[in-house]
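Colleague: Line by line, the protein sequences are chains A, B and C.
The numbers in the working numbering rise by one with no breaks, and the one at position 77 of the first sequence is 92.
The numbers in the working numbering rise by one with no breaks, and the one at position 190 of the second sequence is 238.
The numbers in the working numbering rise by one with no breaks, and the one at position 285 of the third sequence is 344.
Derived by calculation from the structure, the hints in this document are not laboratory data.
Treat the hints loosely; a few may be bogus.
With the Cβ distance kept under 10 Å, some of the chain B side facing chain C (calculated, not the full set) [unchecked claim]:
(1) 66
(2) 87
(3) 113
(4) 115
(5) 166
(6) 259
Computed far set for chain B versus chain C, every beta-carbon distance over 10 Å [said to hold, decoys possible]:
(7) 114
(8) 168
(9) 170
(10) 216
(11) 261
(12) 316
(13) 319
(14) 339
(15) 347
Backbone N, C-alpha and C define an ideal beta-carbon position, used for all residues, glycine too.
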Amino acid sequence: MNAPENITAILDRMAEQLATHVSKLGDKIPAMVGIHTGGVWVAEELHRRLQLSEPLGSLDISFYRDDFTRIGMNPVVQPSQLPFAIDDRHIILVDDVLHTGRTIRAALNELFDYGRPASILLAALIERDGRELPIEAAVVGQHVSLKPDEHIKLTGPSPLRLEIQQTA
Amino acid sequence: MSASNLQIDSKGHLRHFLSISGLSRQLITEILDTAESFAGVTEQTVKKVPLLRGKTIVNLFFEASTRTRTTFELAAKRLSADVLNINLTQSSTTKGETLLDTLRNLEAMHVDMFVVRHADSGAAHFIARSVAPHISVINAGDGRHSHPTQAMLDIFTIRRVKGPDFGRLRVAIVGDILHSRVARSQIHALNLLNTGEVRIVAPRTLIPTHAEELGAHIYHDLRTGIKDADVIIMLRLQRERMQGALLPSEHEYYELFGLTEEKLAVAAPDVTVMHPGPINRGVEMDSEVADGPRSVILEQVTHGIAVRMAVMSMAMRRKEGATQ
Amino acid sequence: MTRASRQRIRISGGRVIDPANGIDDTLDIYIAKGKLVAIGTAPDGFSADQEIDATNRIVCPGLVDISAHLREPGLEHKTTIATETRAAASGGITTLCCPPDTRPVIDTPAVAELIRLRAEAAGMARVVTLGALTRELGGEQLSEMAALRRAGCVGMSNAGRPVTSTLVLRRAMEYAATFDLTVFLTANDHSLANNGCAHEGRVATRLGLPGIPEAAETAAVARDLALIEQTGVRAHFCRLTSGRAARMVARAQFDGTPVTADVAIPYLYLSEIDIGDFDSQCHLIPPLRTVEDRQQLRDALQRGNLSAICSDHQPHEPDAKSGPYPSTEPGASGLDTLLPLSLRLAEEQRMGLPELIDRLTRGPANILGVPAGTLSVGARADVCIFDPQRTWVVDSNTLVSNCHNTPFYGWEMQGRVTHTLLGGRLVYTSI
Chain A
16 MNAPENITAI
26 LDRMAEQLAT
36 HVSKLGDKIP
46 AMVGIHTGGV
56 WVAEELHRRL
66 QLSEPLGSLD
76 ISFYRDDFTR
86 IGMNPVVQPS
96 QLPFAIDDRH
106 IILVDDVLHT
116 GRTIRAALNE
126 LFDYGRPASI
136 LLAALIERDG
146 RELPIEAAVV
156 GQHVSLKPDE
166 HIKLTGPSPL
176 RLEIQQTA
Chain B
49 MSASNLQIDS
59 KGHLRHFLSI
69 SGLSRQLITE
79 ILDTAESFAG
89 VTEQTVKKVP
99 LLRGKTIVNL
109 FFEASTRTRT
119 TFELAAKRLS
129 ADVLNINLTQ
139 SSTTKGETLL
149 DTLRNLEAMH
159 VDMFVVRHAD
169 SGAAHFIARS
179 VAPHISVINA
189 GDGRHSHPTQ
199 AMLDIFTIRR
209 VKGPDFGRLR
219 VAIVGDILHS
229 RVARSQIHAL
239 NLLNTGEVRI
249 VAPRTLIPTH
259 AEELGAHIYH
269 DLRTGIKDAD
279 VIIMLRLQRE
289 RMQGALLPSE
299 HEYYELFGLT
309 EEKLAVAAPD
319 VTVMHPGPIN
329 RGVEMDSEVA
339 DGPRSVILEQ
349 VTHGIAVRMA
359 VMSMAMRRKE
369 GATQ
Chain C
60 MTRASRQRIR
70 ISGGRVIDPA
80 NGIDDTLDIY
90 IAKGKLVAIG
100 TAPDGFSADQ
110 EIDATNRIVC
120 PGLVDISAHL
130 REPGLEHKTT
140 IATETRAAAS
150 GGITTLCCPP
160 DTRPVIDTPA
170 VAELIRLRAE
180 AAGMARVVTL
190 GALTRELGGE
200 QLSEMAALRR
210 AGCVGMSNAG
220 RPVTSTLVLR
230 RAMEYAATFD
240 LTVFLTANDH
250 SLANNGCAHE
260 GRVATRLGLP
270 GIPEAAETAA
280 VARDLALIEQ
290 TGVRAHFCRL
300 TSGRAARMVA
310 RAQFDGTPVT
320 ADVAIPYLYL
330 SEIDIGDFDS
340 QCHLIPPLRT
350 VEDRQQLRDA
360 LQRGNLSAIC
370 SDHQPHEPDA
380 KSGPYPSTEP
390 GASGLDTLLP
400 LSLRLAEEQR
410 MGLPELIDRL
420 TRGPANILGV
430 PAGTLSVGAR
440 ADVCIFDPQR
450 TWVVDSNTLV
460 SNCHNTPFYG
470 WEMQGRVTHT
480 LLGGRLVYTS
490 I
């Protein structure tokens with residue numbers, strides 16, 4: 016297992032990589048969307064660093080989870096907020112940890128309920144093993160190897176901290 | 049089997065939603081919180097979520113009610129469930145035998161949930177006891193007994209307007225308490241949330257015996273009953289009450305119990321006025337009140353969808369969990 | 060009426076309780092040619108063909124049940140005279156009175172005859188009938204009471220159907236009095252009852268069930284008592300449910316009005332509370348009332364103002380009880396539990412056993428005016444022998460009635476019939 020680095024350094028590096036992607040879009044302005052809750056915190060940081068003109072969007076994917084009937088949902092689900100049109104938009108989707116890929120699957124489904132984006136690019140603060148779906152991030156902050164019974168969790172919003180926890 | 053056992057599974061999750069009585073304050077609060085989440089959904093541009101995709105929900109209405117059925121239908125559709133509306137008048141199923149036959153037939157079509165309205169008190173309980181274990185039953189009104197989703201949407205509306213502390217609220221329910229399943233459910237729910245004072249206001253012909261034991265103070269005079277009230281809930285008056293010698297006339301009822309701006313002056317300055325609809329204008333209240341700034345009648349309708357989405361998804365949730 | 064046995068039987072060593080003759084003692088009983096020939100000492104030259112050892116058991120007159128619906132003719136999918144008289148025999152009941160709401164109703168001699176013949180063919184219990192007080196129980200025209208009486212009807216009743224017109228009821232009473240017929244009344248003001256299905260009280264309010272106020276019963280008792288006094292008819296109130304109505308009848312009895320009343324078993328043990336969450340087995344009409352009423356009915360029974368306990372046997376097939384509470388058919392099956400539940404009062408109400416047995420034998424026999432309910436020498440040998448200690452659980456294995464719709468399902472009973480003799484013939488034995 017490699018320990019997570021300093022978060023600020025990771026975020027700076029991610030912003031740099033994303034800037035390259037954004038520059039390729041030319042005059043098309045991308046929109047950034049964070050996934051509740053940790054993904055929104057990461058997205059806020061990246062959004063600030065990239066100085067994107069469109070406001071930041073947020074997705075709460077609770078209603079789109081495929082395990083809803085098994086585990087139920089959080090009592091309070093935040094409404095998703097996408098303060099821009101999705102159609103033909105280049106979207107930067109941001110999450111804190113990319114693990115099984117199921118959260119991203121749910122987020123993609125929800126995004127498509129709002130419209131047909133031109134492209135979606137995935138950025139993840141942490142990428143770990145354990146993918147169950149063919150989903151990969153274009154921009155990764157750091158790859159972390161964890162044992163199956165370990166979990167990495169982002170706490171925040173200020174300061175942002177990464178913690179590795181043993182699953183009970 | 050008691051109602052609480054019937055409604056709640058071994059893990060404390062909602063199994064059926066039949067009546068407020070038998071539920072814990074914690075569960076009521078969970079329903080309200082979940083409804084709050086869905087209210088967010090219904091306010092966004094995409095109002096539909098895929099939670100109950102592939103599930104089949106049957107609106108089984110033995111008593112006609114376009115309004116209630118529509119809100120249940122909309123709630124189910126916003127959860128992406130398939131919805132089947134079946135309207136059966138009392139005359140076609142007067143015996144339990146045929147009612148059971150109807151249920152068995154629908155069960156054979158692999159239905160996941162029944163939303164039931166019936167003119168007999170206890171019908172939802174009977175159906176919940178009779179259906180296959182994987183099916184959930186939501187009570188959309190049974191006789192004079194219970195109409196728990198209506199009560200929950202009223203409570204939801206009060207909480208949104210007045211905040212979560214019910215302890216400081218005086219709530220007056222005005223009208224035909226005797227025949228009202230809505231009032232019974234509201235009184236239960238308000239007491240469960242430790243409401244400061246629950247009052248019922250009506251002539252004696254429209255108040256059932258031992259009504260105070262439901263947890264309400266009884267008033268026969270409107271002005272006294274709504275004095276300093278923070279919330280006033282007006283109940284719908286059925287026109288047939290005049291035939292049953294329960295009231296002399298709509299005119300006299302309006303004189304004594306109809307809500308007007310002038311009578312409303314004795315209530316708390318920020319009083320909220322509610323009505324489960326549809327309103328008989330000039331009978332329960334005049335238009336000035338119904339359309340006035342204190343009325344949240346249309347909000348109630350909007351909230352009805354979120355509350356029903358919450359109850360449906362919560363009842364549906366436990367099933368696969370129960371088998372694991 | 061029923062085949063008498065030629066057998067000579069000695070019932071020995073039992074505690075004989077015969078309230079009609081004030082007997083409560085360990086005695087032997089001698090039966091010959093279907094009749095009781097001696098109590099205590101054997102008649103000269105008596106040699107028993109059969110001996111029944113009743114040691115540690117109680118020997119009493121066969122029970123008389125003042126109200127048992129047998130459902131025949133007309134509703135044989137529920138029960139028949141054959142199935143239910145068999146249940147009666149196993150419950151120690153030797154005389155049953157059948158109300159006139161059969162289909163067709165007992166308003167012609169033919170129907171009364173039919174029931175008598177069917178009961179004789181079954182041979183398990185004596186069945187007497189009440190004739191319809193009004194034609195088709197419609198509450199409008201008088202039935203042919205004299206003809207019904209000749210056909211064996213022991214009294215007249217409208218079987219719970221309304222006689223809305225006070226004038227018609229007055230005339231029906233007068234006409235019945237002409238032929239010395241007792242009128243059996245069900246005190247229920249239908250207009251006040253207003254299609255209710257539960258006592259108008261706490262439980263009905265909570266469950267939102269349409270209520271039947273106590274006044275539905277008391278208003279009817281008051282009206283009926285006024286007419287009884289006016290007409291001088293001998294009258295009987297069936298199945299009182301409220302303490303207030305029982306007191307009204309007690310007052311009338313004190314004033315010398317020729318009126319009697321009974322109570323049905325469920326009302327002595329259950330109350331509105333037992334409806335719980337819409338338990339249709341507790342859907343009875345008239346409805347189960349309050350806990351206070353239940354106690355007052357017990358007190359009135361003890362004082363003798365209520366002089367009979369009946370089963371109010373109303374068997375129903377499962378479908379009839381399966382539905383939303385208000386839509387289910389009212390009534391409970393009761394023949395199987397009449398004796399053991401009555402015996403419970405010995406403990407719960409501190410009633411003496413002879414007093415209790417009086418309410419099950421002499422009391423109802425007097426109301427019906429039938430020669431039954433006694434162990435007098437020379438009387439028909441209708442005898443019930445039971446083991447007061449034996450316990451059993453009410454369930455589908457122990458119930459004999461064809462229908463198991465009882466609110467007492469699953470209850471443990473103490474007291475089980477071991478022998479029932481009808482006219483000196485053993486119609487039930489359980490060792």
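Colleague: Hint by hint, say whether it matches the structure.
Modeller: Hint-by-hint comparison with the structure:
Annotation: residue 66/B was flagged as interfacial toward chain C, and the flag holds, the nearest CB pair being 9 Å apart, inside 10 Å. Evaluation of the residue 87/B hint against chain C yields a violated restraint, the C-beta minimum of about 29 Å exceeding 10 Å. For residue 113/B, the interface hint is violated, the least distance from its beta-carbon to any beta-carbon of chain C being 17 Å, above 10 Å. Interface hint at residue 115/B: violated, since its Cβ lies 20 Å from the closest Cβ of chain C, which is beyond the 10 Å cut-off.
Because the beta carbon of residue 166/B sits about 6 Å from the nearest beta carbon in chain C, less than 10 Å, this interface hint is met. The restraint placing residue 259/B at the interface with chain C holds, with a minimum CB-CB distance near 6 Å, inside the 10 Å limit. Here residue 114/B stays apart from chain C, with its beta-carbon at least about 22 Å from theirs, past the 10 Å limit. Not every beta carbon of chain C lies more than 10 Å from that of residue 168/B, the smallest distance being close to 4 Å; the non-interface claim is violated.
With 10 Å as the threshold on Cβ separation, the claim that residue 170/B sits away from chain C is violated: the shortest Cβ distance comes to roughly 3 Å. In this structure residue 216/B is separated from chain C by more than 10 Å, as the shortest Cβ-Cβ distance comes to about 27 Å. Distance check for residue 261/B against chain C: the nearest CB is about 6 Å away, which does not clear 10 Å, and the non-interface claim fails. Every C-beta of chain C lies more than 10 Å from that of residue 316/B, the closest at about 29 Å, which supports listing it as non-interface.
Look at residue 319/B: its CB is around 28 Å from the nearest CB on chain C, clear of 10 Å, so calling it non-interface holds up. At roughly 32 Å from the closest C-beta of chain C, the C-beta of residue 339/B stays outside 10 Å, upholding its exclusion from the interface. Chain C leaves residue 347/B outside its interface by the beta-carbon criterion, the shortest separation being 27 Å against a cut-off of 10 Å.
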